[in-house]
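Undergrad: Take a look at the letters that make up each chain.
Protein chains: 4
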Amino acid sequence: MIIIINSKTKPEKVNDLVNWIERKGLKTHITEGDYQNIIGVIGDTSRIDEDQVKSFDIVEAVKRVSEPFKQANRKFHPHDTVVEVTPEVKIGHGNFGLIAGPCSVESEEQIIFVAQSVKAAGATMLRGGAFKPRTSPYDFQGLKAEGLKLLLEAKKATGLPIVTEIMSAEHIPLFENVDVIQVGARNMQNFELLKELGKLNKPILLKRGLANTIKELLMSAEYIMSSGNENVILCERGIRTYETATRNTLDLSAVPVLHELSHLPVVVDPSHATGVARYVKPMAMAAVASGADGLIIEVHNDPPHALSDGAQSLRPEQFADVSRAISLIRKATIEANA
Amino acid sequence: MIIIINSKTKPEKVNDLVNWIERKGLKTHITEGDYQNIIGVIGDTSRIDEDQVKSFDIVEAVKRVSEPFKQANRKFHPHDTVVEVTPEVKIGHGNFGLIAGPCSVESEEQIIFVAQSVKAAGATMLRGGAFKPRTSPYDFQGLKAEGLKLLLEAKKATGLPIVTEIMSAEHIPLFENVDVIQVGARNMQNFELLKELGKLNKPILLKRGLANTIKELLMSAEYIMSSGNENVILCERGIRTYETATRNTLDLSAVPVLHELSHLPVVVDPSHATGVARYVKPMAMAAVASGADGLIIEVHNDPPHALSDGAQSLRPEQFADVSRAISLIRKATIEANA
Amino acid sequence: MIIIINSKTKPEKVNDLVNWIERKGLKTHITEGDYQNIIGVIGDTSRIDEDQVKSFDIVEAVKRVSEPFKQANRKFHPHDTVVEVTPEVKIGHGNFGLIAGPCSVESEEQIIFVAQSVKAAGATMLRGGAFKPRTSPYDFQGLKAEGLKLLLEAKKATGLPIVTEIMSAEHIPLFENVDVIQVGARNMQNFELLKELGKLNKPILLKRGLANTIKELLMSAEYIMSSGNENVILCERGIRTYETATRNTLDLSAVPVLHELSHLPVVVDPSHATGVARYVKPMAMAAVASGADGLIIEVHNDPPHALSDGAQSLRPEQFADVSRAISLIRKATIEANA
Amino acid sequence: MIIIINSKTKPEKVNDLVNWIERKGLKTHITEGDYQNIIGVIGDTSRIDEDQVKSFDIVEAVKRVSEPFKQANRKFHPHDTVVEVTPEVKIGHGNFGLIAGPCSVESEEQIIFVAQSVKAAGATMLRGGAFKPRTSPYDFQGLKAEGLKLLLEAKKATGLPIVTEIMSAEHIPLFENVDVIQVGARNMQNFELLKELGKLNKPILLKRGLANTIKELLMSAEYIMSSGNENVILCERGIRTYETATRNTLDLSAVPVLHELSHLPVVVDPSHATGVARYVKPMAMAAVASGADGLIIEVHNDPPHALSDGAQSLRPEQFADVSRAISLIRKATIEANA
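Protein chains in written order, with UniProt numbering: chain A, 1 to 338; chain B, 1 to 338; chain C, 1 to 338; chain D, 1 to 338.
One should not assume that every hint holds.
Unchecked claim - The calculated EDC-like cross-link candidates involving lysine to aspartate or glutamate, where the alpha carbons are at most 20 Å apart (straight line), are:
{"#": "1", "chain 1": "A", "residue 1": "Lys63", "chain 2": "D", "residue 2": "Asp16"}
{"#": "2", "chain 1": "C", "residue 1": "Lys8", "chain 2": "C", "residue 2": "Glu32"}
{"#": "3", "chain 1": "C", "residue 1": "Lys90", "chain 2": "C", "residue 2": "Glu67"}
{"#": "4", "chain 1": "C", "residue 1": "Lys119", "chain 2": "C", "residue 2": "Glu260"}
{"#": "5", "chain 1": "A", "residue 1": "Lys144", "chain 2": "B", "residue 2": "Glu196"}
{"#": "6", "chain 1": "D", "residue 1": "Lys24", "chain 2": "A", "residue 2": "Asp34"}
What the hints contain is simulated information worked out from the structure, not anything from laboratory work.
Note that the structure is predicted; figures quoted are calculated from it, not measured.
Work the whole structure out from these sequences, hints included.
TA: Next up, the structure:
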């Protein structure tokens, strides 16, 4: 950690700050300049809250040099994490996860039909929303517990592990047989929920918040991991920008950046990012080429009659085409990176 | 609601869409153009999900004409709402709320000292965090239930109603004697929490999310109101932009926009918005001049030793100066708008 | 164009607006609702300025249905444009342009060495900056006319057509032998410059501005095209967002969106977008998979001693690896889209 | 300047970097940590290009401690600059500038009428566009030289100094009798233009670009000042964010931040920032309360028939009301800051 102070600061004020830091078991080193002095802080700076340093009024700026996340940090865990969903289905370090299914579970017939279609087309997991976060209280809120039951039926029928979103820690008991619990973008910083999920032993698919930085995503992963659960899958799903041609702006650079900073697997959601079915294929292909460990794609048997997010859902036959495209790009990507 | 379709669309496809709309009890009217036709939809369009309309593949664009919020909408409730916190302390329609206190409650001595100081300087409510949402799991997370108890002590000592943040619906019983429950920016779209708060009868101070639009803020207010609780106070606290000179960008235009769209009172938080104590005064003054119904300001007895957010906290004597400035600007604003 | 007015507006005020529109040779159609009426405007609405419509105080909202760009619009020119740089080097509709070279031209030796290296690795055009837009007046501003001369030497030595940036219309005569004139992000809305470039017959590579929408990029292309020059190549180079892990956020969704809205070729600049050499390869691969018609990549013989933008420059041997990767992804992309 | 390197870097590589820095006449100091070492660079670091430092591959991060702007920097010029427009009309350090007038000059009658109205209401300068930057080539582009002539007529008629926008350095001779030359948001980084304006002796009103940071605005001011012209007035006019309720998001925090970093006067443009006439009054009042040294406001005799930006223009009687409000808030602000 680097602290910048005015070079004309009274020595006793500098001493106050230095003592405060050293009482936390860290060392300091001062470099003097014409206008500013620099205090270098050495040691485990995750013990220091940047904000507290800033509140010393002699401080002009503070910069953290080491990232404040540890368990998610590649520096301390150089090898890629492989998240094991089932003994057959893994994700990370060369294991590619293709997650597909409807935005919302609507009926037994629908979810089983979609599950069979996406399985036939190459999906390795089934997604489907039972608890749905909707901007408007007047929109369809999901089938809830009933939806989870139908998902489990679809799992039984197809063998596909299931991925579904949780919206409150109170619902955890209902998720006992779910294979991967998804934390949606709006709950990425619902820290109470993250801590509870950290007590489970189940893979957690953690979506990046609409306006969260890559480092904040890793800090949220750290909440889960520091509570004991290391099975975290990160998900880039588009960030909010001024551009309105797509629903959000898919930040594919996040894929190599996350791989550099962290050992956790990274999947991409081109459906929510673009909000438009016809952009899903090119962005899915691009995500694979950027190095993603998996994709999560919305597929619906009858998009115009979907109860949510129909505009971004592929029909099963479109998904089959995307799946084929993904395989081609994956093969080329592996060769290009060999 | 306006739906744009290509003018070369086959009539039977247009009929499908029109029938789907009319089955929901709405009327349609088509205007034909050279390249595009326009379907005007008349009636209670909050029953229609924009996304479902977009999933008809003949649809090029959809634009909602009426806002999808109703209870928060000034169109249907033209008069300003006055939220009554206690019989003496009200907010909205000329009642100004000055909420002040530390980011976190740290000790009985601290909270009572700050409460007395801010009361003496003109504050009408006391804020203080007991449950603290922190980006890092390694930072101080608040005194929790103990913090709430200390806040109630400070209320007893000073008579100031208290405002404090909730992070999970499970904690609601602990908030029984709290006067105003705050929903933080990170939970603005924690819909499960909003629905539970909608069942209470207590004022809710709802902060705008970091990257949420003004309309989404109103939709979240709608969640609370449509569950039965009409005592909602809206709070602008800065949005995330590319500018890094301040922690967030305080969007003061939101004040007149919210007053135009909604009848709910609007307060501004210049402390979290800027993140820098020396910018709090000018932005507090600007907020009042823009028409805000109140302010929420961080005050700490000893900012450099605050357990959170010290960098943005005012000392009690600085707060007294800000309070005096606010009074002057309020008087001028009232005269300017007379 | 759709105009929303309050349903309680006095008829004579509505008539004023309708007459104003119809005097411009357009037709109108009114749909009545409970709270709002909708005026549909039919005809060539590019003649109407949205802002003027909004200034009628009865108007609540205006939405353009047809895009205001025409010559760049795929609706009126359904076939892909192929920009012919030289008889051998084309871009668009299956012709891929691989543009590489240093950020700045520094010396004859340097530019010829880089030109030979990138040509050997598969580049089809040479880029190099002679006039450099720099945020600080104290940074290196380019070799200017001398730099253009050196670029022409490199063209003579290698046969590669050259692409270089212009910063002022006054410099146009110096660009006579340049093959493609680049308009940088900061000048995307330097309309005086665009109009002058529209009088030339030379391909223009138009970069998207840091905070410009896709539609504004197309309106800037329209400035060039409506002045007579149809040889426009669009370039996505990252937009400004709150994320700081990369210099800008590369918006690859812009590639399919631009291809849908326009017939012009689209290239991607992963070097400026990320600002980090080690992210160039994955983002170049992703750009190709998203459907880009070309790439523009910075290559320098000795990045640490580059006079500008060394941090994002590849060494020649790294570029050769990227070029090989791009070929593999291109082949897979063509097959995936077949 | 602080440079972070990995603590395991080979000493000879560190030496390369250190020698490179010291050859530029600067000193270095190394602080060693567990994972990272910190090189402190002391001296005039504006001679070093951050980008070049980053291109040494051992460098993990670089942070500038001193700002790279000098002439605009309050550190080196602690006293407020007062820009003298005419002997009677000054701006900065307590001199408030109220600039008003139409977006575009349309006719002699119009500009003289507006000039007289705004003068009567308290304006100290007249604004009016002759050269208009428009997103669409099909929109009205201004009366150009003829417009400048009409502005000078209005100046003669009223005595108000005039402020008008320049779009190209080639037009400078036409601006001889203009009192303040405005550089619009889109040209904030048109560096060729800035350098030419730096050779004049006339006040320059420099608007912040749509997506430019406060520091970039100051670097652009530095371009003008380092070319010899110190009469720069900074202007905040809204930045581009995801919020669409207003045209841009007015960043009023920029006012205190700019006053802290620089000695130059700061004015605010609430008309372009909001794009909506009815939000101009509250935002003008807020700007004054935040400490602005002036305002620039659009006023038109007949907004619905304005040739540009009618939606944000006030009628003369509305401007008179805003002017009265501003006076009240100014008085209160001065008292509050006393």
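Undergrad: Now tell me if each hint is right for this structure.
TA: Going down the list of hints, with the structure as the test:
Proposed proximity of lysine 63 of chain A and aspartate 16 of chain D is contradicted: the alpha carbons are some 25 Å apart, above 20 Å. The straight-line distance between the Cα atoms of lysine 8 of chain C and glutamate 32 of chain C is roughly 10 Å, inside the 20 Å bound, and the hint therefore holds. Under the criterion of a C-alpha separation no larger than 20 Å, the hint pairing lysine 90 of chain C with glutamate 67 of chain C is inconsistent with the structure, at around 28 Å. A C-alpha spacing of about 32 Å is found between lysine 119 of chain C and glutamate 260 of chain C, which places the hinted pair above 20 Å, so the restraint is violated.
Proximity of lysine 144 of chain A to glutamate 196 of chain B is assessed by CA-CA distance (about 16 Å); at most 20 Å being required, the pair is judged to hold. Our distance criterion of 20 Å between C-alpha atoms is met by lysine 24 of chain D and aspartate 34 of chain A, whose separation comes to about 17 Å.
Checked against the numbered hints given earlier, the structure breaks hints 1, 3 and 4 and satisfies all the rest.
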